[in-house]
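Protein chains: 2
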Amino acid sequence: MYPPSIQKLIALFSKFPTVGPRTAARFVFYLLKSSDTEVKELADSLAGLKSAVKQCLFCFNPFEGEGDLCEICRNPRRNQTMLCIVEKETDLVPIEKTKKYLGRYFILGGALSRFNREDLKELRTEALLARAGQKEILETIIATNSTTEGESTALYLERILKPLGKKITKLARGLPLGGELEYADEETLGSALDGRK
Amino acid sequence: MYPPSIQKLIALFSKFPTVGPRTAARFVFYLLKSSDTEVKELADSLAGLKSAVKQCLFCFNPFEGEGDLCEICRNPRRNQTMLCIVEKETDLVPIEKTKKYLGRYFILGGALSRFNREDLKELRTEALLARAGQKEILETIIATNSTTEGESTALYLERILKPLGKKITKLARGLPLGGELEYADEETLGSALDGRK
Chain A
3 MYPPSIQKLI ALFSKFPTVG PRTAARFVFY LLKSSDTEVK ELADSLAGLK
53 SAVKQCLFCF NPFEGEGDLC EICRNPRRNQ TMLCIVEKET DLVPIEKTKK
103 YLGRYFILGG ALSRFNREDL KELRTEALLA RAGQKEILET IIATNSTTEG
153 ESTALYLERI LKPLGKKITK LARGLPLGGE LEYADEETLG SALDGRK
Chain B
3 MYPPSIQKLI ALFSKFPTVG PRTAARFVFY LLKSSDTEVK ELADSLAGLK
53 SAVKQCLFCF NPFEGEGDLC EICRNPRRNQ TMLCIVEKET DLVPIEKTKK
103 YLGRYFILGG ALSRFNREDL KELRTEALLA RAGQKEILET IIATNSTTEG
153 ESTALYLERI LKPLGKKITK LARGLPLGGE LEYADEETLG SALDGRK
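Protein chains in written order, with the numbering used here: chain A, 3 to 199; chain B, 3 to 199.
Be aware that one or more of the hints could be misleading.
Since the list gives no way to pick out one identical chain from another, each pair is judged satisfied if it fits inside one copy or across any two copies.
Stated by the list, open to error - Pairs of lysine-lysine, DSS-like flavour, derived with a Cα cap of 30 Å:
1) Lys-35 to Lys-90
2) Lys-17 to Lys-137
3) Lys-99 to Lys-35
4) Lys-52 to Lys-10
5) Lys-99 to Lys-42
6) Lys-99 to Lys-10
7) Lys-10 to Lys-56
8) Lys-102 to Lys-10
9) Lys-17 to Lys-90
10) Lys-10 to Lys-164
11) Lys-10 to Lys-101
12) Lys-101 to Lys-17
13) Lys-101 to Lys-35
14) Lys-42 to Lys-123
15) Lys-172 to Lys-102
16) Lys-10 to Lys-35
17) Lys-35 to Lys-123
18) Lys-172 to Lys-10
19) Lys-52 to Lys-172
20) Lys-123 to Lys-137
21) Lys-17 to Lys-169
Calculated from the structure, these hints are not laboratory results.
For reference, chain A alone in the conformation it holds in the complex (with noise of 0.2 Å):
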């Protein structure tokens, strides 16, 4: 129906997470609207992402510029007693944003659904491992999301970890802040007893 070009960017676009064909054609609509410049600019910013952007070879975060480690990782200043390991690069954000955290971190590759155990291939199990077994290592923190996924990783992640015998912490789970009881879902309210203190 659509000339091929734009057939093509569709099924392109259709590939990336949460889009789906109604929304790529509204992309490609939208970059047809759009100047050349920006255009050009959206082409050569991908053209050049593969080389310029690393992966850490400890954490697996993608990063820029000279070595092997990010900047995190490389960083003398961050605690080395400490591993944080989170599903994916997005999970990190938000925890270095707290300004809270000044360890290292590990990124898993995914969260495991409790139905599919194919899902194990895409994490990072063996590497986690190598790492969490370093023996400067003295804590781990899996800090999963608060999902059924993350619920199935975290426990499957204390299962390979604890051989290891270090200190495994989560995330508390509880009453988010300016949440009120009134509002709040059993789940979250059931877990905020459970962590009382």
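Model the placement of chain B on the given structure of chain A, informed by the hints.
Here is chain B on its own, set in the frame of chain A:
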């Protein structure tokens, strides 16, 4: 927080319709995980988009190929007496799929919100009047969306098209196929009653 080339791409994707910075970040991490070939394919398709796609001189629909007119407008078997006005490019496709309309189209370029007369500048009003005023056109179908903006636009179009003295019709509003009375909203049911026959 992210490396510069990732930040740049997040900024560019954030300008896409329906995309915020979080979704944009997910897009970039999806691309970082994709193969070099896939990212190159996307970059190349984008780089070639603007030169490959032309806008039809009659209906403003994008097309590829020779000449100044799109496939629909240059097809002599299309009914030259009917003109169907749609808000945007993506609205033409579902109408074509019905195979019930064999006339030509006109892409208005947007809709009018009730409170912002600035939107008027976006609409191809002059071009529309030039097309709808051609002597071969006998009927103009206003096929705007069944939304507040679409209805405002339809009212506006009726007002400016009326002086041409041609037949003006609008898409019927009513129960969607498979729609149950019990679950229909009052507006829809009201339209279905008004349009009964």
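Of the hints given before, which are not true for this structure? 2, 5, 10, 18, 19, 21
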